[in-house]
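Respectively, the protein sequence lines represent chains U and C. For the first sequence, position 46 (counting from the first letter as 1) is numbered 46 according to the numbering used here, and the numbering increases by one without interruption. For the second sequence, position 185 (counting from the first letter as 1) is numbered 185 according to the numbering used here, and the numbering increases by one without interruption.
Be aware that a few hints might be false.
No copy is singled out in the list; a pair is fine if it fits within one copy or between any two copies.
What the hints assert, rightly or not - Derived DSSO-like pairs (lysine-lysine); straight-line CA-CA distance at most 30 angstroms:
(1) 80 x 352
(2) 199 x 307
(3) 243 x 168
(4) 36 x 307
(5) 326 x 196
Since the hints were derived computationally from the structure, they do not count as laboratory data.
There are 2 protein chains.
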Amino acid sequence: MIVTDLKVGILGGGQLGKMLCIAAAPWHLELFVMDKSADFPAAPYCHHFTEGDFNSEEEVIAFGETLDIITIEIEGVSIKGLHKLKSMGKTVIPDPDFLEIVRDKGRQNAFYRDLGVPTVGFSSFDSLKELEKVIEVGNIRFPFVWKSRFEGYDGRGVKLVKRAEDLKGLPEGPCISEDLVSIEKELALIVSRNSKGEKGLFDPVEMVFDSRANLLDHLQFPAGIPERIAEQMKQIAETIVDKVGFRGLLAIEFFLTTDGQLLVNEMAPRPHNSGHHTIECCATSQYEQLLRTVLDLPPGDTAASRKGIMYNLLGSPGYTGPARLKGVEQLFATEDAHLHWYGKKQTRPFRKMGHILLAGSDMGVLRERMERLREGLRVVV
Amino acid sequence: MIVTDLKVGILGGGQLGKMLCIAAAPWHLELFVMDKSADFPAAPYCHHFTEGDFNSEEEVIAFGETLDIITIEIEGVSIKGLHKLKSMGKTVIPDPDFLEIVRDKGRQNAFYRDLGVPTVGFSSFDSLKELEKVIEVGNIRFPFVWKSRFEGYDGRGVKLVKRAEDLKGLPEGPCISEDLVSIEKELALIVSRNSKGEKGLFDPVEMVFDSRANLLDHLQFPAGIPERIAEQMKQIAETIVDKVGFRGLLAIEFFLTTDGQLLVNEMAPRPHNSGHHTIECCATSQYEQLLRTVLDLPPGDTAASRKGIMYNLLGSPGYTGPARLKGVEQLFATEDAHLHWYGKKQTRPFRKMGHILLAGSDMGVLRERMERLREGLRVVV
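Here chain U stands alone, though its shape is the one from the complex (with noise of 0.2 angstroms):
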């Protein structure tokens, strides 16, 4: 091995972990890599790939012991496995204890609170049925957003409250009551930091989502946003990531109000999809990026080349086996489109298959051809 002698291991082996993995390629870095299945992936190109469960702390730790730096390209691993690891002198990234606040959308919320972090004005509950109390006491404004404190992601964990009914049915764990906020667009960032402190800080990309499935429906680099709130949004990642010393790489995902307040919503300390384009459209990717900070090397740079909207190939609505991807010829034929098709076997509605990259000077041409493109495209049995 050329760049480092250490041994860097990866908890979780899906698209994210595959990518990191192609991003070490070029400098022939040994990774290796633990998920449920060799089947998964990241598995054809990591050097090692390890069959089990992240989220046993036995096996998080037998993984580990083995190598010297451990990083996560998922949240829900065993957190008392990576603190175990790091109690045995491993490098973590990111650290445990960041993981932990991360995690519960509780401890996030008043971390940015504490911060000083601009964000939705929110209330912590333990459960749901404490939350109740204090609706029943007339002490919380309607509307508001509940969710779930724990492992809620991509819509799931969140709902719309106009009234004490629609409280129904909802999980009885830790919540939180969140402000409804108008907003205008939703941003996000990713910066890096290394060990010294070294900060590597990518443009800012506006995210579209789909009301639908509650999804990203597609991803614009850069945002179309004043250059003002651009630096904003960077001031306010510098201060997150200088505070708690974090090392590894943040994505930070960002409200932009009708009223032009900013927000920030919530973070994810690994590689993340708003940050797929930065393949094509960056000098250093978010995935070399991370790599960079878990070597502690000085962060890549981070100027964009060209333009370009990123979306998701999600399995489509009623299909369910081994996928397919119809269109792909049209695909094949546009200028400057880029196929990442992940390798996972099985296709169901809304999964996370592939993404679509296009790249290019103009975003209204880029724009065009996404739509004509999603015509055809098809995640397929």
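Chain C: place on chain U using the hints.
Relative to the frame of chain U, chain C by itself:
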């Protein structure tokens, strides 16, 4: 598999095979690779690696007979094996007949002449003895360039002959004599063509050679030549691939003489050192472009997104053994600098161990960065 259900194999698992595998990864294309050892660069990045000798007719057939399409990353494979696979109905890219022309420098030059493509004046001989006879009767003008007809590359198999005595010690085998031309620039261009005749033409690059090692010193993209010359190169490339109905990827090297003549020097029907920059600098890389012709897809967009300088990381003189790269800290601190480390276990003097790609918008700045980097970056043991 999503892009194709065909099984694709590559003969050769060196750096070019590795970069083909990396290019195939976003499509999750299941590639089969054969080369001598699973220690070779491509092994960790292909889906199936077979240890075998691509010079052996039997082993090439055994490898290819379970596949649908076979391509190469190196010319020196068993052509008999390829002919046999073709006769079995396999798609072989490039066509073995074309590969035979390319591998014989005498036939290759005759091929250019017969097509009306400008090339260096030459005579072809079946042995050194035959050439010596022609000299004896005074039918050749000194100085000329002696070239071995077979297996000459990277400066091996080439000698400047100023007088008859200079032939002493040269191999007895088939050779050619070429007129000595006064070279202003060495240029290269990569063209792809599928079975429908759809072509992808990259912009020309300019190569600067290191006279000591007689290896590429660095490559500049785009070449510093008038548009008129670039157009002429593209026309020649189109002529060559169209006239023979070529399918695959073809790198063509040219001389631009001091009196302004453009002459074809040689060609290689596979990914080429002179196309490494396409990974970072073009919408589609030469590697993806070959995969597209292999799958008979339309060519990818060849537009340049930025300028680039590529230079090879060669084994330093005096060092043989397990490779180490000295000076990586400076490399990782350099803007838009990309390390490609091939992962060969052993270094030896002038062995190609990797390459550096510097991307940006100002060629002068890129050249300065290269000079600074080179002072510190060394392949040692």
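Hints and how they fare:
When the C-alpha separation of residue 80 and residue 352 is checked against a cutoff of 30 angstroms, the pair qualifies only within one copy, where the shortest distance is 28 angstroms, while the shortest distance between copies is 45 angstroms. In this assembly of identical chains, residue 199 and residue 307 lie within 30 angstroms of each other by CA distance both inside one copy and across copies; the values are 22 angstroms within and 26 angstroms between. Proximity of residue 243 and residue 168 under a CA criterion of 30 angstroms is satisfied in neither setting, with 39 angstroms inside one chain copy and 73 angstroms between copies. In this homomeric assembly, residue 36 and residue 307 never come within 30 angstroms of each other (Cα to Cα): the closest approach is 36 angstroms inside a single copy and 42 angstroms across copies.
Taking identical chains as interchangeable, the C-alpha atoms of residue 326 and residue 196 lie at most 30 angstroms apart only when they sit on different chains, with a minimum of 22 angstroms there against 47 angstroms within one chain.
Of the numbered hints stated above, those contradicted by the structure are hints 3 and 4, listed in ascending order.
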